[in-house]
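Peer 1: Based on the provided sequences and hints, a complete structural model is requested.
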Amino acid sequence: MRKSKEEKTFQIMGNTVMIIMTILAVAPILLVLIVSLTDNQTLIREGYRYFPKKWSLAAYDYIFMKNPQIVRAYLVSFELTAAGTACALAITTTLAYAISRRGLPGRGLLTFYIFFTMLFNGGLVPQYVNYVNMFHIKDTFFGLLIPNLLCGAFNVMLMKSYFVSSIPNEILEAAYIDGATEGQTFLRVVVPLAKPIIATIGLFAGIAYWNDWNNGYIYIMKATHLYSIQNLLNRIVQNINFLLQSSDSSAAALISELPSVSVRMAMSIAGVLPVLLIYPFVQNNFVKGITLGGVKG
Amino acid sequence: MKAKGIMAAPANTQGKFVRLLKKMWRFLPVYLMALPGLVYFFINNYMPLPGLVLAWKKYSTKKGIWGSKWIGWKNFQYLFKTQDAWIITRNTIGYNLVFIVLNLVLAVAVAIILSELTTKWKKLYQSVILLPHFLSMVVVSYLVYAFLSAEHGFVNSVIAPSFGFDRIQWYNEPKYWPFILVFVHIWKGIGYSCIVYLSTILGFDREIYEAAAIDGAGKWKQIFTITIPLLRPTIIMLVLLAIGRIFYSDFGLFYQVPMRSGSLMSVTQTIDTYVYRGLLERNDLPASTAAGVYQSIIGFILVMSANLVVRRIDKDSALF
Amino acid sequence: MKRIIAILLALVLAMSLLACGSSAPADTKEDTKKEEPAKEEEAEPEAPADEGEDEGEEEPAAEEDGDIITDFGGAKITVVMYGGTPEQAGVERVFKKINEYFMDKWNIDVDIQFFTFGDYVTNTNNLLSSGEPCDIFCSGQLNFTSTVANESCYNMYEDDLIQKYGKDILTLVDSSFLKGCTIDGALYGIPTMRDLAVGMWCIVVVRQYMEDAGYDFSKIDPEICNPATEEDMTELFTALHEAHPEMNVIYPWGRSLLNQKFVYDPIGGDDFGVLLDPINSLEVSDLFSSDMFMDYCKLMHEWQEKGFISPDAATDTNGAGTQITAGTLMADTTGGKPGIVRQKEVERGDMDSIAFQLGPNFVRAEQASVAAWSINSDCENPEAAMVVLNALYTDATVTNLILWGEEGTDYVFTEDGHIDFPEGITKENAEYYNITPAWALPCEYSTYVRVGDVIDLWDQTIEFNNTSDKSKAIGFSFDKSEYTAEYTALTNIWDEYAPGLLFGISDPETTIPEMIERMKAAGLDEYIEAKRQAINEWAANQ
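Chains as they are written, first to last, in the working numbering: chain A, -12 to 284; chain B, 35 to 354; chain C, 2 to 543.
Errors might be hidden in some of the hints.
Claimed, not checked - Partner residues aside, some chain C positions facing chain B, computed with beta carbon under 8 Å:
1) 152
2) 488
3) 493
4) 496
5) 498
6) 501
Said to hold, decoys possible - Here are the simulated DSS-like cross-link-like pairs (lysine-lysine), alpha carbons at most 27 Å apart as the crow flies:
7) B/253 x B/157
8) B/96 x C/165
9) B/156 x A/-5
10) A/125 x C/77
11) B/96 x A/-8
12) C/97 x A/53
No lab work stands behind these hints: they were computed from the structure.
Even glycine gets a Cβ: it sits at the ideal position worked out from N, Cα and C.
Peer 2: Structure follows, in structure tokens:
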């Protein structure tokens, strides 16, 4: 392809916009990193600075030394994210494919059934009672895996919309006429064509599992060895919040033992760092999946 | 399309029913594929749903949700009996509308730029703009505070003196906050929301573009005549889904980021923060359930009407 | 058209699905719940049968001593407590010891579940709602009035439960405090026994800065809260400010701590309609239009304008203690009590400090129930639960096991009766240390005092509680569920103005009238009137 003048201006403008956005995203995150490495007292005296007067590793020392289970928590998080993403993809893809099939009797009904869950939910307590009394998932790995994250209506709808717009019904009908079973059609025709959206939903599910602390907060009470990294970090935050809101002078005394700002920042870094390390690999596959999946002819 | 034609063919009810059964039999494997997901939604979402009756009850843990006494609409009253109902509703809907529009325009723009860029840096761009999504709102609120605090904030201590304008007590000046909140929201979410559009664009058939290029269509023309029309179903769907959540607000954004500053409340108070402040010390499950029911019902009505309109115009883009 | 029908069908289907899906579990739950009390009533005169045993076997496994049960046949009691760091190597060992103690003494199988401060409310609520084991819990943390309104608490006067099985609690807890957890003649909780009174207007200054300002220490006792006046403080602060203009002098009381400043009683747990003269009168008045409130806000405004208070104070997320340690602040405010100076010094990393107290010691009405401990109304064996609760309040073996672990392994006595780590054990390598602070136990009086605190700390605390002024309204509680609308609106308005007023940023002369006007429009008068009626009714029944 020859590069026209218009193409060149577009490239320059595009790059400029993206560089500005990159700086806007990186600068604050860099600040988080630097604050997490700043001496807490310096922080309070001078505010946040990109070039602090005094550096300190105290925040990381606090997180890693006071919480010996942190290594285990990272492991739980990795296991959870891997298992969760795989299960979520399997369930979401099949369901989305089904409700995207033209001519499927009751398709509108099923779509509505799924969509409805986006608007109405029974609330935290009824859901807890349901899961604990009927399914006994408390203090098990399933307590982290199943509630809310396994399959989201939003992801199903996204995927369904992709199937409808990017996979021509003619291909499916042709496969059917050729005598392929539905399973074969799905695995050999649909999945290869849907790689971009599968990669996207996989990314979404992975992020959701990695970031989640709510399930551990609610469904893990005694089996604290099942805490994920986000649970562990979040619990420190929750304790700080409780003590800050408490109208009790004895409670206030405990706050001084809990490190404040620099630890919160260090916790964000501790939560994001593995993502930063792994993301390039994920992204490589993500992009590969997308480019391979482009509809050909 | 063809399938519809067959369905519409006149037939007696008996024949119609048999044909339907036959068709369902043909699609049996597809139903089976849908089954795990459908069962999951049933367990995760529909089984707890009856818990919504709490909104009309006086809760007793001894009697359980079902055994508790019915008290009618009392739990809803607090949502409406306030002078500020107008401000709260205005803020909630207003911010959401701005978010929907700006998110749409910017996310699509970024997705198109990323898809068209030829530089190898684009992978870096894409991953870096996703980073803010991983920060919790509390940390974001600290970052905003780092820039805006009266004593030590960058804006007041570095930028203001060097450009020669006055220090501003940011946390006491409501007029700036709509812009700050919108900026923070977009900044945090843009990397995430552009992914959907990006993957959809990358799924498009490149040959259409090549054909258009041969016909002499430039980049801009390609974007406006090919990319955006092809994105339309995705755009419509995401907007419809966002409309369903229009009565909900991002609690962290409106509660944490303004640092709970009272003087900003006229522009930062939303339904969620109002309810939270009222129930914080009360542990009142029915009242919070009632708020959720109210938000859901309004969202439901809005999204159903919007869907109806969309179906009139473009049947294939409607949700169902 | 077809689609609309489809949607309607979907709705019907969804509804019917969920109707049958949920009625099953709900029914079974209700059934068992109905059965249980009936079963218990049958067994009541003797003793509740051993749960989990064959139902047909009505034979009571428990032994009786006259009317009083002494052997509970292995009844299981779950105690849900809160604290700081439940994951410690020694927890299992120590809790096993506690369990053995109860098994030996009463044949009760006690299971202690610890949640951290931040998790406690959500987790305990979930336990209560789901009917999982949760026999003894801190109802005060979940908001005592709401928890009682939700019918979660067992009435301990029923069948003389507390008279039979909680005798020691009755001797330990002053009846005036017990009244604080009594609603309509039913005892729904036991107050946490700790410092219940609060020393009003207590200010703790770092000694070093006072020396820099040339303060005369001749009349000062560094161990106690020294009496002082507002003028003294303004004078002292001016001197401090001159000595260290780069620092802030004081971090004032925030919204939730306002009741540490004035003697007024926020009855019902909120500031809308309060007792302005709580020691002598039950007259309910509006706090915000009182002169006391105006004067206080004016003083804060004056302090703000003089530069004593940071202009960022309202949005600062660092606690005062942290600011003092960092060297940006010279004094903070607190509630006075025995041992407060030491507590503050520890909090500040051992900076010598001087405490002043400008007001009296006072117990407000809600203080008794604010951290009350209750038995679950759903409890299968209230007698056993009462025995356990009694032990948690008064049995030194139990309280010290929970707080400090095992003697010899986790702590040893020093010569003067304090306790300390055994040789070679420190904060860092201890197996069991600081699972919760003493004040988070139901009662701290029977626990040993750690090195650093005065040995008679608890005697001082008891004395402090008993000699303090008490609100006339102790025992009054206000169920606001009928006034949720007004309460929510008022709380939101107060939240809007409180930071500005209490940190001296806004001018009270103009702001307070504006706030009152909005509050009146939101139903302040109706709300106060409701409280007034409730307290009159309550007083008439006393």
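Peer 1: Each hint: holds or not?
Peer 2: A quick look at each hint next to the structure:
1. 152: Where the cut-off is 8 Å and the nearest Cβ of chain B is about 4 Å from residue 152 of chain C, the hint holds.
2. 488: Where the cut-off is 8 Å and the nearest Cβ of chain B is about 7 Å from residue 488 of chain C, the hint holds.
3. 493: It holds, given that the least Cβ distance between residue 493 of chain C and chain B is near 5 Å, below 8 Å.
4. 496: Holds - the Cβ of residue 496 of chain C comes within 8 Å of chain B, reaching about 5 Å at its closest.
5. 498: holds, 6 Å
6. 501: OK, holds: residue 501 of chain C within 8 Å of chain B, min 6 Å.
7. B/253 x B/157: Given pair residue 253 of chain B, residue 157 of chain B holds - Cα atoms ~21 Å apart, limit 27 Å.
8. B/96 x C/165: Between residue 96 of chain B and residue 165 of chain C the Cα gap is close to 24 Å, so the pair holds against 27 Å.
9. B/156 x A/-5: Since the Cα atoms of residue 156 of chain B and residue -5 of chain A sit roughly 16 Å apart, the hinted pair holds (cutoff 27 Å).
10. A/125 x C/77: holds, 20 Å
11. B/96 x A/-8: Roughly 75 Å separates the two Cα atoms, so the pair is violated.
12. C/97 x A/53: holds, 24 Å
Violation of the numbered hints given earlier is confined to hint 11; every other hint is satisfied by the structure.
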